[in-house]
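For the record, the sequence lines run as chains A and B.
Here the first sequence is numbered in this note's numbering, starting from 1 and rising by one per residue.
Here the second sequence is numbered in this note's numbering, starting from 1 and rising by one per residue.
Keep in mind that the hints were calculated from the coordinates and are not lab data.
Backbone N, C-alpha and C fix where the C-beta goes; we use that ideal spot for every residue, glycine too.
Treat the hints with caution; some may be incorrect.
To be verified - One side of the interface only, derived from the structure: several residues of chain A facing chain B at Cβ under 10 angstroms: (1) Pro72; (2) Arg77; (3) Gly80.
Stated by the list, open to error - Stretch-level coverage of chain B by chain A, calculated; a stretch enters the list once three of its residues show a Cβ under 8 angstroms from a Cβ in chain A: (4) 110-116; (5) 128-136.
Stated by the list, open to error - If you anchor each label on the Cβ, the simulated ranges turn out as follows: (6) Gln110(A) <-> Leu188(B): 49 to 59 angstroms; (7) Pro62(B) <-> Gly39(A): 47 to 57 angstroms; (8) Asp249(A) <-> Pro108(B): 40 to 50 angstroms; (9) Ala187(B) <-> Gln110(A): 47 to 57 angstroms; (10) Gly39(A) <-> Ile33(B): 36 to 46 angstroms; (11) Arg209(B) <-> Gly39(A): 41 to 51 angstroms; (12) Gln110(A) <-> Leu32(B): 37 to 47 angstroms; (13) Arg122(B) <-> Gly14(A): 28 to 38 angstroms; (14) Pro13(A) <-> Pro108(B): 14 to 24 angstroms; (15) Leu32(B) <-> Ile70(A): 31 to 41 angstroms; (16) Gly14(A) <-> Ala187(B): 51 to 61 angstroms.
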Amino acid sequence: MRLSIDNVTKVFPGPVTAVDDISFGIAEGELVALLGESGCGKTTTLKMINRLIDPTAGRIVLDGTDVSSIEPAILRRMIGYAFQGVGLFPHMTIAENIGVTPKLLAWGAQRIDARVDDLLDLVHLPPDEFRHRFPRELSGGQRQRIGFARALAAGPAIMLLDEPFGALDPLTRDRLQQDFKDIHTQLNLTTVLVTHDMTEALLMADRIIVMQHGKIVQDGTPDDLVNRPADDYVAELMSTPKRQADQLDTIMHDPIGNAP
Amino acid sequence: MTANLQERLAELPAYLGGHLLLSLSALFIGILISLPLGIYAARSERLGGTIVNVAALIQTIPSMALLALMVPILGGTIGFGPAFVALTLYSILPVLRNTVTGLQEVDPDMTEAARGVGMTDRQRLWQVELPLAAPVIIAGVRTATVWVVGIATLSTPVGAESLGNYIFSGLQTRNWLSVIFGCVFAALLAIILDQLVRLLEKSAQDRNRRLGVMAGAGLIIIFVGGIAPSLIETFTRQQAVASFSSQRPSGGPGTQPAGLQGQTVRVGAKTFTEQFILADVIATRLQEDGAIVENLQNLGSTIVFDALRNNTIDVYVDYTGTIWATIMGREDPVERTAMFIEMAAYLRKEHNILTLGRLGFENAYGFAMRRDRAEELGIRSISDLQTHGNSLVIGGDPEFFGRNEWIRVRDAYGLNALGTRSMDSTFMYGAVRDRNVDVITAYTTDGRITAFDLVILSDERQAFPPYDAIVLLSPDGAKIPGLIKSLTPLLNKISDTLMREANKHVDLDGRTPKQAAAFLSSKISQQTD
Chain A
1 MRLSIDNVTK
11 VFPGPVTAVD
21 DISFGIAEGE
31 LVALLGESGC
41 GKTTTLKMIN
51 RLIDPTAGRI
61 VLDGTDVSSI
71 EPAILRRMIG
81 YAFQGVGLFP
91 HMTIAENIGV
101 TPKLLAWGAQ
111 RIDARVDDLL
121 DLVHLPPDEF
131 RHRFPRELSG
141 GQRQRIGFAR
151 ALAAGPAIML
161 LDEPFGALDP
171 LTRDRLQQDF
181 KDIHTQLNLT
191 TVLVTHDMTE
201 ALLMADRIIV
211 MQHGKIVQDG
221 TPDDLVNRPA
231 DDYVAELMST
241 PKRQADQLDT
251 IMHDPIGNAP
Chain B
1 MTANLQERLA
11 ELPAYLGGHL
21 LLSLSALFIG
31 ILISLPLGIY
41 AARSERLGGT
51 IVNVAALIQT
61 IPSMALLALM
71 VPILGGTIGF
81 GPAFVALTLY
91 SILPVLRNTV
101 TGLQEVDPDM
111 TEAARGVGMT
121 DRQRLWQVEL
131 PLAAPVIIAG
141 VRTATVWVVG
151 IATLSTPVGA
161 ESLGNYIFSG
171 LQTRNWLSVI
181 FGCVFAALLA
191 IILDQLVRLL
201 EKSAQDRNRR
211 LGVMAGAGLI
221 IIFVGGIAPS
231 LIETFTRQQA
241 VASFSSQRPS
251 GGPGTQPAGL
261 QGQTVRVGAK
271 TFTEQFILAD
281 VIATRLQEDG
291 AIVENLQNLG
301 STIVFDALRN
311 NTIDVYVDYT
321 GTIWATIMGR
331 EDPVERTAMF
341 IEMAAYLRKE
351 HNILTLGRLG
361 FENAYGFAMR
371 RDRAEELGIR
381 SISDLQTHGN
391 SLVIGGDPEF
401 FGRNEWIRVR
411 DAYGLNALGT
421 RSMDSTFMYG
431 AVRDRNVDVI
441 TAYTTDGRIT
451 AFDLVILSDE
461 RQAFPPYDAI
471 VLLSPDGAKI
481 PGLIKSLTPL
491 LNKISDTLMR
501 EANKHVDLDG
511 RTPKQAAAFL
521 SSKISQQTD
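Given only the sequences and the hints, what does the whole structure look like? Please build it.
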């Protein structure tokens, strides 16, 4: 197991129990989706992995080490993190944004430059064109590509993605989802993806963990969820993509457009 | 007019240099304090609010009052010190407030990204939050710059040299050229400094190193260029003193040199024409005997006395009645000479201040009215005012209505029903002439009394104490060899008429205090010959 979540609970002041005694593991090379409605505890779970939030109880073990024993800033340099807001630094060039973690790790300038160029190639943005530009000159999709490049820069042990495709238009989203899936396979990454979009989870993830009220309702493959939903809630979650798939299927087979 | 212009231009290096040194050092220290304080305040929400509120509270104190308050707070020191502290306090709020807002308004996504990529708190502050808050912080620096350069003009009454000296002495002596000089140069300075800081900000935003270097160089050139003349002057002065004392034979007491060669004497003056003229008469006298004179003009009435007591100045002219009431806290009326003797003994005993002697004239307070108005109402003495009580308005300088004399006169003649209106002493003569007020608390040596055909109401109950002009020496000043000898020829040489004549030269004939002082000095030496 690359990552292991053991009986983790998070109680916020209030008190509100956001995550209630959950456990799961992620193997190397897996892409696991944490899925659920807002407030189900999926983002809190993700942020406990890189210690943006510390758990109230339980253990999180990364490559055999309890993350609570690692200084947060040091831990985060070993973990790639991309989120919906992207958070590119507007006063830094694209190259500086991508190279920020390697620089914190005191890599040499030449090594950083070479790494930045490799990563720009990887996310399909020509280095010569983009290296010296500023975030404000980029489109939303291009920015999230840079966000991925920055998360990947220091060769992280694990990638954490918090709804990274949420703010993009459908076409850009689709292309970026596909590109990330390719990168994931190509680099043999281990990834946790937080999403509320069942279609996205089904298309991208090897495994889907469905959460509700801070608890895990089902932990299984897309096939498990489609064919063997654990309860009514999961079945209901599956109904939207199923209905959409049926409708699409009909339209595709009736190009004249007189479907009911 | 050209003499006036030349005199003003000659003052420029000292005033501009003083202004720059004062405002830029206050700004620099202010930023040094408020930036770290702002960073701290932005991070700790509970203390943050308190810090910003305290700074805002300081800002609400009127600048003139804050400046004046610094004098007693700093144990009676006048000059650069109190002005510097007050201006530093003023410069804190804009920078502090903008640092706090700038940091708190940083997009939460930026903060999350900075943490996510593995920055420590310190790295996040320096690499992300401060660069992003910089435009807001620099806007605060620009506000502080404009404020401090402006408020520095108010530091004249606490004895700090600045462009305000033009404005204060210009207002007192009705020298509008001087007032305009002060305003224009202060405004220019504020605009130039503001624009240089703006360039500095732009250079940081565009990452234009050349622009940054140019703006920085501009600031340094202005600062160095502004203060260099006064620094050079101080330096050469010290050289002169040093070379003089090395040349001076270390002989016995019998060989003590005549005159004041190489001695520095600081001459103080309050904020009105007569004081400027007398300070210049004294300065000229001392310079003739070889002294190096430093002028500290436009000092507030009690500030100047504190300055003398603390040896910040060596000599100035005060008035017996003023000391009697404000320093000794006495209210009882005493005969003119008896008051002088008792006051001199008191100053010597309590403050170790030497009363050198009387200049000869008396500048008392007196109630003055237009002659036609006084005749129309049948008013000849102060007691006649009572009969017209609530229909009359009396104008006077703010200092007067705070003095015991006023309370005493008011009670002695039952003037409670009289309306009072505070105004600058420069304007009160015009105000009574133009019938804006009925009575004013005139200075009896003012040239405008005869010129505007005003009458002084008789004081048959002797409620106003006598106001003999006296020369006072500080404890250290009295020990300066040759100082007493140099100033003694001035004593008992200036009559009421002569002083009124000299004041009229400035207040009505548009001459400078220097020119009036030259006239007065020549009259004094004629009497000696």
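Can you give the numbers of the hints that this structure goes against, from lowest to highest?
Of the numbered hints given earlier, the structure breaks none, since each of them holds.
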